[in-house]
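Trainee: On the provided structure of chain A, position chain B as indicated by the hints.
Sequence order for the protein chains is A and B.
Residue numbers for the first sequence follow my numbering, beginning at 1 and rising by one.
Residue numbers for the second sequence follow my numbering, beginning at 1001 and rising by one.
Treat each hint with caution, since some may be false.
[Said to hold, decoys possible] Per the computed footprint, the stretches of chain A lying under chain B, defined by three or more beta-carbons under 8 Å from a beta-carbon of chain B, are:
#	stretch
1	9-23
2	43-53
[To be verified] Distance condition first, Cα-Cα at most 20 Å in a straight line; then the derived EDC-like pairs of lysine to aspartate or glutamate:
#	chain 1	residue 1	chain 2	residue 2
3	B	Lys1078	B	Glu1066
4	B	Lys1049	A	Glu44
5	B	Lys1061	A	Glu104
Derived by calculation from the structure, the hints in this document are not laboratory data.
Note that CB positions come from ideal geometry on N, CA and C, so glycine has one too.
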Amino acid sequence: GAGVSQSPRYKVAKRGQDVALRCDPISGHVSLFWYQQALGQGPEFLTYFQNEAQLDKSGLPSDRFFAERPEGSVSTLKIQRTQQEDSAVYLCASSMGAASWRNEQFFGPGTRLTVL
Amino acid sequence: AQSVSQHNHHVILSEAASLELGCNYSYGGTVNLFWYVQYPGQHLQLLLKYFSGDPLVKGIKGFEAEFIKSKFSFNLRKPSVQWSDTAEYFCAVNARGGGFKTIFGAGTRLFVKA
Chain A
1 GAGVSQSPRY KVAKRGQDVA LRCDPISGHV SLFWYQQALG QGPEFLTYFQ
51 NEAQLDKSGL PSDRFFAERP EGSVSTLKIQ RTQQEDSAVY LCASSMGAAS
101 WRNEQFFGPG TRLTVL
Chain B
1001 AQSVSQHNHH VILSEAASLE LGCNYSYGGT VNLFWYVQYP GQHLQLLLKY
1051 FSGDPLVKGI KGFEAEFIKS KFSFNLRKPS VQWSDTAEYF CAVNARGGGF
1101 KTIFGAGTRL FVKA
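The following block holds chain A by itself, in its conformation from the complex:
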């Protein structure tokens, strides 16, 4: 497709369950970002990949959060033992170049995670 896609679009999990969220970036985009957007807030940076390398994971809120991009294209954000405070929209964005700050980020539609 032409844009960034994410799946599933909606996910409901019981507290304590593990979830996996998928991001398909624009083909050929080097940079990939994950953000967490709580209700009424702006997106908050979680992690950054340049191709398959995870160069910045400083925004991951706990060791229950894990992200990977093994072949430098599709990425998965995994949350283990979900908690209610994990409820949010998880956004993925990709950009063409490696120098992330100069390049426009293209956002996906997000996955809305609700933890009961």
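Mentor: Chain B only, in chain A's frame:
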């Protein structure tokens, strides 16, 4: 630490009114500045960006923003809004040489009455 403050969480205007959305950031070094927009049911998309040069930046759909370094501000303006401008607007900043984080403000919801 960097932060971005958007002064208005909700703005309601009538069509043809002028718009100014405030954005202030805190960071002492050189920054890149962005405004993103999210129309109802759509993805976040870039409205305009400032890296260097002319501090008055023009974006899509008649929007512009002015970088005032002394005030740490990057306010978004449009002379005459349309009903189709109803959306949520996010100001964002990243620091050159400061890694890969882009910091977003909390957003301003704009509703334009037809």
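Trainee: With reference to the structure, classify each hint as holding or not holding.
Mentor: Right, here's what the structure says about each hint:
1. 9-23: Result for this restraint: violated, n = 0.
2. 43-53: holds (count 4)
3. B:Lys1078 x B:Glu1066: The hint holds at about 11 Å.
4. B:Lys1049 x A:Glu44: Given that 20 Å is the threshold and the Cα spacing comes to 19 Å, the pair holds.
5. B:Lys1061 x A:Glu104: 17 Å, holds
Checked against the numbered hints given earlier, the structure breaks only hint 1 and satisfies all the rest.
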